[in-house]
Amino acid sequence: MLRILIAEDEEVIRKGLVCTTDWLSMDCVVVAEASDGQEGLEKILESRPDVVIADICMPCLDGIEMIRQAEETLRFKSILLTSYEDFEFAKRAIEAKVSAYLLKPVDEEELARVIVQIQKEIDLERRAERALRKTEEESVETATKNVRVMENGYVAECIRRIQKDYQKRLSVEQIAMELGVSASYLSRKFKEATGQTFLDFLNRYRVQQATALLETGRYRISEISEATGFSDYKHFCAVFKKYTSKSPTKFQQEY
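First residue of the sequence shown? That's 1 in this note's numbering, and the numbers climb one at a time after it.
Calculated from the structure, these hints are not laboratory results. Hints may contain errors.
[Stated by the list, open to error] List of simulated lysine-lysine pairs, BS3-like, C-alpha gap at most 27 Å:
# : residue 1 : residue 2
1 : Lys120    : Lys104
2 : Lys234    : Lys120
3 : Lys242    : Lys191
4 : Lys168    : Lys43
5 : Lys246    : Lys189
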């Protein structure tokens with residue numbers, strides 16, 4: 001059962017989510033609620049929820065900043081609520097690694113769909129964690145790629161940079177210089193650990209973020225291209241098709 005925390009400064013909306021949503025049917029339980037971002041941060045650290053549902057605009061701390069600070073200590077999934085279809089909010093939400101964001105008033109069917117997806121993600125992550133714990137008993141030949149990445153701090157830092165700054169212009173030469181190693185060494189170790197080149201890994205990650213935005217159906221493809229680190233629209237379309245076998249337009253239409 002997923003543990004849910006709800007942070008929303010509008011009491012009517014907060015109580016509506018807490019009391020009228022059929023959480024049991026979603027295999028969830030509300031463990032805490034908060035009326036502003038600071039209280040939300042304190043209760044996240046206290047109650048350790050699996051999922052945080054938060055309004056973007058709240059007193060003391062906004063929802064994104066509250067989540068960012070809490071994630072320095074804990075791991076959890078997050079859903080942002082907003083009254084605005086604002087692309088800048090969407091970009092900030094992606095940067096904060098938010099699982100989803102929903103427009104208010106919240107549609108319970110849409111919320112249930114998001115919760116189901118989050119449950120699948122959490123199940124996958126927990127299975128992966130169990131698999132990693134087993135690696136101590138496995139032979140070197142069967143150790144997972146995750147372990148090889150973790151064993152090389154340079155590769156782990158490289159992946160962290162991709163996940164944090166994929167919207168920016170990134171290159172293996174730039175990161176290697178910052179880490180104080182040669183680009184050829186970092187490229188070789190990255191390929192050994194991940195089975196992919198740096199550029200392939202970066203492009204795959206960018207396309208994953210782009211598909212999440214395309215699935216909302218709310219944004220122009222050119223906006224999504226820019227938000228996911230592609231300076232050239234045609235190049236974005238070519239890279240997207242390479243990894244999904246579909247053009248961005250076709251993908252959005254089918255979804």
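Each hint tested on the structure:
1. Lys120 / Lys104: holds, 24 Å
2. Lys234 / Lys120: Violated: Lys234 and Lys120 sit about 33 Å apart, past 27 Å.
3. Lys242 / Lys191: Holds, at roughly 20 Å.
4. Lys168 / Lys43: violated, 34 Å
5. Lys246 / Lys189: Cα-Cα ~31 Å, so violated.
The structure is inconsistent with the numbered hints 2, 4, 5, although it conforms to all the rest.
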